[in-house]
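Keeping their order, the protein sequence lines are chains A and B. The opening residue of the first sequence carries number 1 in the UniProt record's numbering; numbering runs sequentially from there. The opening residue of the second sequence carries number 1 in the UniProt record's numbering; numbering runs sequentially from there.
Do not rely on the hints blindly, as some may be mistaken.
Unchecked claim - Below, in silico cross-link-like pairs of lysine-lysine (DSS-like), each with a Cα-Cα straight-line distance of 27 Å or less:
| id | chain 1 | residue 1 | chain 2 | residue 2 |
| --- | --- | --- | --- | --- |
| 1 | A | Lys-700 | B | Lys-411 |
| 2 | A | Lys-754 | A | Lys-766 |
| 3 | A | Lys-731 | A | Lys-704 |
| 4 | B | Lys-363 | A | Lys-590 |
| 5 | A | Lys-712 | B | Lys-363 |
| 6 | A | Lys-79 | B | Lys-112 |
| 7 | A | Lys-622 | A | Lys-598 |
| 8 | A | Lys-704 | B | Lys-363 |
| 9 | B | Lys-68 | B | Lys-103 |
| 10 | A | Lys-766 | B | Lys-363 |
| 11 | A | Lys-640 | A | Lys-704 |
Claimed, not checked - Covered stretches of chain A, as calculated for chain B (at least 3 residues, CB under 8 Å):
| id | stretch |
| --- | --- |
| 12 | 366-372 |
| 13 | 537-543 |
| 14 | 555-561 |
| 15 | 639-652 |
It should be emphasised that the hints constitute simulated quantities derived from the structure, not laboratory data. Glycine included, every Cβ here is placed at the ideal spot set by N, Cα and C.
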Amino acid sequence: MAFITANWNPLGEAFYRKTELYEMSWNLRDGLRDSLVAAAPYGGPIALLREPHRRSPSSRPQLEIYSASGVAIASFPWKSGPVVQLGWTVSDELLCVQEDGSVLIYDLFGSFKRHFSMGQSTKLQVLEAKVFHSPYGTGVAIVTGSSRFTLATNIDELKLRRLPEVPGLQGKPSCWVVLTQDRQTKVLLSNGPELFILDNTSCTAVCPPGLSPQAGNIVHMSVSFSYKYLALFTDTGHLWTGSSHLQEKLSEVDTKKTTTPKQMIWCRRPKSQQPSVVLMWDRLLLVAGVCSDTDPCVLVGELDGVRIVSSTNQELLQEVPLVCQDIFKIASMAPGALLLEAHREYEKSSQKADEYLREIKEQSMLGEAVRQCVEAAGHEYDTNTQKSLLRAASFGKCFLTDFSPDQFVTTCRELRVLNAVRESSVGLPLTHTQFKQMTLQVLIDRLVYRQFYPLAIEICRYLKIPDYQGVSRVLKHWASYEAIARAVCVKVGDSPGVSYSHIAAKAYECGRTELAIKLLDFEARSGEQVPLLLKMKRSQLALSKAVESGDTDLVYTVVSYLKNEMNRGDFFMTLRNQPVALSLYRQFCKLQEQDTLKDLYNQDDDHQELANYYVTASYREKRLESRLSLLQSAVDEYNKAKNEFAAKATEDEMRLLRFQRKLDDEKGAGLLGLSLQATIEALLALGLHKQAEQLYRDFKVPDKRYWWLKLKSLAEKEEWEELEKFSKSKKSPIGYLAFVEVCIKCNNKYEAKKYVSKVAPEQKVKAHLAVSDLEGAADAAIERRNESEMAAVLSRCSASDRLLIDRLNRARTTATKK
Amino acid sequence: MAHSARRDSPELPDFSLLKRLARDQLIYLLEQLPGKKDLFIEADLMSPLDRIANVSTLKQHEVDKLYKVEYKPVISTSDQLCFLIRPRIQTVKWICDVVNADKAAGKFRRYKLIFTPQKFYACEAVLEEQGIFGDVTTDEWAFYLLPLDDDIISLELPEFFRDNFLAGDQRWVRTAGSTLHLLHSIYGPFSKIYGIGRCSKMAYESWREQVEEGETKARQAEIGNVFLIDRDVDFVTPLCSQVVYEGLVDDIFRIKCGCVEFGPDVTSSDKSMKVMLNSQDKVFNEIRNEHFSNVFGFLSQKARNLQTAYDKRRGMDIKQMKTFVSEELKGLKQEHRLLSLHIGASESIMKKKTKQDFQELLKTEHSLLEGFEIRECISFIEEHINRQVSMIESLRLLCLLSITENGLLPKDYRSLKAQYLQSYGVDHLLTFANLRQLGLLVEQQPGETLTVMESKVGKLVNDKTAGKLTDAFSSLAKKSNFRALSKKLNLVPKSDEEYDLRVPRDMAYIFSGAYIPLSCKLIEQVLERDGWTGLEEVTRLLNGHEFAVTGSTAGSSGADSRAKNDAQRIVLVMFLGGCTFSEISALRFLGRERGYKFIVVTTAITNSSRLIEALLDNHV
């Protein structure tokens with residue numbers, strides 16, 4: 001009691017104190033090392049993911065959720081991809097940002113709620129992510145492997161914004177923060193010596209006023225809880241603080257530490273005299289001047305201070321509130337201090353009490369003294385100090401005649417509540433200031449959410465909150481979530497023929513929506529769940545239930561319902577989170593609404609599919625011009641999709657179409673729409689050799705293909721002289737057996753024979769056989785001493801070829817002998 | 001016949017019951033619309049319907065005229081129209097047009113839509129959108145299963161493959177579940193269910209759900225084991241050229257609904273002839289599972305036997321002659337007719353297939369399966385494309401190359417694709433996109449080794465919530481690991497030994513001894529091991545989704561253990577996405593070897609052409 005100021009540290013005008021909140025109930029094997037930690041403000045829960053980067057499939061990291069006092073709430077193995085960042089939403093939901101850009105949302109008890117993605121591309125790689133809070137809710141910001149920032153200001157109404165490129169940025173920036181200013185969310189980042197502000201449309205280079213030029217590169221930055229103040233830390237150890245508008249400077253300190261701090265958090269409170277920054281290095285905690293040793297721990301910025309969570313305990317570092325300073329400062333003569341002293345003497349039955357009291361009264365400051373004591377009690381964490389302050393206040397009050405007891409009574413009540421929730425088993429280390437900011441309603445909601453129903457009810461009763469807001473509300477939740485649903489379930493059991501959906505429908509009719517939803521969970525048949533959920537306007541839930549059921553009809557029912565209920569953007573966004581529903585809807589659009597399909601792809605930035613869509617559309621188009629323009633769109637989209645091959649092929653097609661149109665106009669060739677090969681074929685058939693030649697060169701048709709084409713077409717037209725000329729034009733890339741075979745196919749043995757001599761030796765037998773020249777074949781086979789070829793010739797010999805057979809057989813035996 | 005069946009192999013259950021059920025239900029539905037009516041039938045329902053109820057049965061129930069759905073204005077004058085259709089949006093839209101046209105013309109009729117096997121909400125939505133929901137009545141004809149033969153049952157749903165595997169549209173899963181449910185309620189309870197593939201798993205779950213909803217009666221099981229398999233587990237087998245007689249006939253003449261139309265070149269007359277191909281056809285029954293090289297020998301032997309039988313007439317007295325004519329002659333005549341047909345077919349096949357080209361084609365396929373002389377194969381395929389031999393065939397070879405080689409080298413991928421587009425038009429870009437999506441024709445991923453990708457995906461697939469995320473990876477997950485699988489399961493027998501196709505020693509005879517179909521090998525292994533234990537590596541390579549569940553065998557008393565034992569050796573294999581005749585032949589062979597009887601249930605009979613055609617996206 002006497003040493004209340006023992007843990008105070010002066011910093012300029014103000015004092016800072018560190019109060020121990022908890023000995024943590026958890027038992028962490030490896031401390032907080034190698035873990036991703038996220039703690040929610042307002043004494044919220046703490047999430048811990050061990051070794052998030054270990055990727056071997058055998059050891060899955062464990063995700064653990066604790067209350068602020070370290071009481072385990074949930075724990076489960078992490079089965080999805082590598083996590084980059086954990087964070088809590090304003091409504092105490094856990095966000096896990098994965099490396100691939102998907103964000104998984106879990107509730108406080110570790111059950112999966114939903115997921116969304118911060119981008120479409122599968123190649124997305126999230127380098128860093130931040131979860132931030134703004135007046136619009138909870139947001140997520142990521143910086144991707146391609147050095148681009150993407151923001152979602154409110155995850156409940158997901159709207160992704162891709163911020164403009166930062167000039168010269170490679171990889172991730174050295175540091176960055178998200179700011180909410182003027183109702184806009186921006187990103188402040190530093191890249192080497194430069195500092196940029198990124199908003200929706202632009203990227204502006206900025207310079208903090210008064211930062212000495214030799215300060216060096218900014219390596220760490222932090223923005224205050226209210227987004228009003230900004231702190232920058234440079235690689236030379238300079239700490240600059242100022243307003244987040246970058247218009248005024250508060251201070252600049254040389255910390256003499258050149259290593260980057262692990263964490264840097266603002267420590268201030270509303271109406272603070274002197275906001276300060278807490279920096280943390282490995283073994284050093286620095287409050288812009290004050291230092292003490294720590295083991296690895298995590299700083300949590302709060303409205304009015306910083307919580308320091310280590311593996312063993314948790315402390316609150318805050319600027320000592322003014323009124324506490326006044327009362328407890330050594331040799332303070334403030335009225336509150338005097339009143340406290342007076343009461344102390346009074347308890348000792350010393351007459352000094354009267355002296356002190358008189359002194360206050362003489363200054364007619366007794367009212368002020370009582371107020372000070374009451375207020376200070378609110379800011380104190382230790383119950384004994386609270387008690388002595390309140391007793392002093394109550395003592396002083398006796399000497400006042402017309403003093404309103406309201407403040408005293410409220411503070412007493414609120415302190416009781418606060419002490420109750422600070423209790424380690426509940427684990428909500430709220431300060432009085434935070435409590436005021438958060439409001440009682442929210443506190444009760446949070447207790448309900450954490451399923452501390454009895455405590456919530458007690459608090460409601462104690463604070464005399466009207467029933468409809470308080471007790472009954474809690475009871476309703478309690479009942480609907482637990483008791484009734486269970487009771488109903490126990491009564492009904494699994495007896496066949498009972499429809500939970502009917503019971504739920506009844507519950508809904510009675511206005512018990514939550515209960516109805518709870519009851520529906522017991523319903524085994526999804527077909528029964530979904531319609532009721534739709535009726536209750538729980539369309540998202542209905543959709544996921546429908547998808548889970550595997551019944552596509554059901555999915556489709558919900559999809560078409562949503563289509564009519566929602567605006568288009570939201571509808572598409574909802575579908576995006578449900579691939580099964582999406583592919584179903586796509587199928588439907590393919591048959592029914594082609595344009596919607598295009599919008600769908602557009603929304604998803606699915607360039608590949610969009611391009612395919614244009615290609616399909618181009619074939620429905622009769623007019624060449626519109627067909628070409630659609631194909632051009634396809635080319636653009638293919639390029640965006642980085643599918644160069646398809647882009648090139650489509651461009652070729654456009655070229656070909658133009659060529660065909662030209663020839664159709666000139667010669668009436670009727671080529672439009674034919675494939676390249678068919679076009680060349682048609683040209684050759686029409687005798688337009690020059691044009692065919694042109695296509696062959698322009699489109700880089702392989703030699704072999706062209707030779708085959710020309711060979712066939714000449715043979716079919718029986719232009720034997722042309723063919724012979726062609727065969728001599730250069731060495732045939734397809735060999736000469738092809739010539740023989742094609743001639744035979746066109747029933748011209750005479751022409752075929754011309755080419756036999758040119759055939760390569762290994763195919764000679766085949767060539768001779770093709771023109772039914774058994775003698776020649778036999779000669780060739782014998783010459784090549786090839787047994788299987790001889791056998792092939794033999795098999796073609798008929799009985800009349802006695803001589804030949806004998807010759808071959810002889811040759812065979814000699815061949816085998818060798 | 002060279003094979004001697006094991007004498008103790010069990011009798012197959014009687015599936016004609018399925019037909020009777022379907023017929024009775026259809027009649028009931030038709031009677032729901034009393035009075036004379038015209039019936040419009042979806043084109044691809046014509047043949048299946050014919051197998052259930054013939055025209056005279058329909059006429060008995062006041063069907064006046066029969067029309068095929070042709071998407072043209074109707075000319076019927078009847079005041080009642082009944083439509084028997086598949087749940088397809090396109091057809092429903094056409095009906096909407098018909099109704100709306102009538103409305104505009106001030107004509108009043110009654111319309112009834114009968115969807116088979118079930119209706120989809122999407123169809124009703126179209127009716128609603130077009131404003132005729134109140135003008136028509138709809139019904140479902142739960143005609144799920146058409147027995148094509150003693151051991152083949154088809155759902156006749158060829159679109160299942162594309163919808164489910166390409167478009168990711170899972171609406172047929174429930175149909176598959178209902179099919180299982182139907183079989184289970186008639187021939188079950190099944191004592192063991194094995195399966196592999198995502199769709200199989202979902203179908204299984206859908207069936208379980210339906211079982212739990214309904215009540216089960218204790219009965220003597222006729223079918224003991226069930227094996228579910230997704231088509232995308234094994235794409236290699238359906239992409240190979242078929243060389244067993246039945247498969248070959250399907251490849252060349254296309255068997256439709258168990259029936260084939262032989263052209264004039266086969267019938268050696270001037271008209272075509274429709275022939276039912278099933279076990280009733282004595283000649284066909286003996287050659288259907290034979291390698292084609294044996295068929296001719298067998299047929300000529302048969303012809304000689306027949307001649308001897310005919311020759312018996314000589315030297316008969318009147319009485320003998322009378323019995324001969326009344327008893328044997330008809331059978332002989334019938335046999336004669338069939339024999340000449342199959343000889344005709346074989347000749348026609350020989351003409352088409354024994355050409356050089358076919359030999360080279362088979363050689364290429366075998367090289368691909370064995371994984372040697374790949375460069376030669378690629379130039380063969382290139383020439384194939386350049387010469388425009390066949391649009392489908394070229395694609396088939398490309399896919400086979402890609403699957404067996406785990407993707408094409410980027411250089412080859414590009415050049416082959418470019419050449420193909422030159423040959424057949426740029427619209428095939430979309431076809432290639434489809435093939436890539438299915439993992440049938442892909443580019444080798446440089447840098448990223450297979451195992452990394454696998455473990456990434458593997459981690460995800462087991463988790464239900466994260467399972468949704470896998471869709472992003474799905475194209476990567478569909479990597480084929482054919483080479484590794486082939487090694488693990490010994491799919492490609494050593495090539496240095498002669499393979500006697502007359503006396504097959506394993507299922508490889510289906511493909512001239514070059515390859516044991518993966519799907520059938522899996523079935524063999526799982527039945528042998530009574531589950532997936534020991535096959536972990538294999539299932540990992542196949543991307544998992546395997547399961548083996550022991551069903552309830554309630555109500556089986558020990559008294560009739562022989563019957564029970566019989567049922568245990570009857571295995572129902574359900575192919576989701578289609579199966580080929582070659583696979584059926586392989587399973588029949590396996591059954592003979594191991595004393596099983598296999599019943600094949602498939603969403604449709606498929607072959608390489610049908611498989612590829614389902615994935616085409618050119619505008620023709």
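Cross-check of the supplied hints:
The straight-line distance between the Cα atoms of Lys-700 (chain A) and Lys-411 (chain B) is roughly 16 Å, inside the 27 Å bound, and the hint therefore holds. Simply put, Lys-754 (chain A) and Lys-766 (chain A) have alpha-carbon atoms about 15 Å apart, close enough for the 27 Å limit, and the pair holds. Taking the CA atoms of Lys-731 (chain A) and Lys-704 (chain A), the gap is near 11 Å; set against the 27 Å cutoff, the hint holds. As the CA atoms of Lys-363 (chain B) and Lys-590 (chain A) are separated by approximately 41 Å, the hinted pair breaks the 27 Å bound.
Of the supplied pair hints, the one linking Lys-712 (chain A) and Lys-363 (chain B) holds, its CA atoms being roughly 25 Å apart against a limit of 27 Å. Taken as a hint, the Lys-79 (chain A) and Lys-112 (chain B) pair is broken in the structure, with Cα atoms around 51 Å apart against an allowance of 27 Å. A hinted pair counts as satisfied when its Cα atoms are at most 27 Å apart, and Lys-622 (chain A) with Lys-598 (chain A) qualifies at roughly 20 Å. Simply put, Lys-704 (chain A) and Lys-363 (chain B) have alpha-carbon atoms about 22 Å apart, close enough for the 27 Å limit, and the pair holds.
For the given pair, Lys-68 (chain B) sits about 22 Å from Lys-103 (chain B) by alpha-carbon distance, which is consistent with the 27 Å threshold. For a cut-off of 27 Å, the pair hint linking Lys-766 (chain A) to Lys-363 (chain B) stands: about 18 Å separates their Cα positions. The hinted pair formed by Lys-640 (chain A) and Lys-704 (chain A) fails the criterion: a straight-line CA distance of about 34 Å is larger than 27 Å. Look at the stretch 366-372 of chain A against chain B: 0 of its residues bring a Cβ nearer than 8 Å to a Cβ of that chain, fewer than three, so the hint is violated.
Using a Cβ-Cβ cut-off of 8 Å, 0 residues of the stretch 537-543 of chain A lie near chain B, which falls short of the minimum of three, so the contact claim is violated. For the stretch 555-561 of chain A, the assignment as covered by chain B holds, since 3 residues bring a beta-carbon within under 8 Å of that chain's beta-carbons and 3 suffice. For the stretch 639-652 of chain A, the stated coverage by chain B is satisfied: 5 residues place a CB nearer than 8 Å to a CB of that chain, which reaches the threshold of 3.
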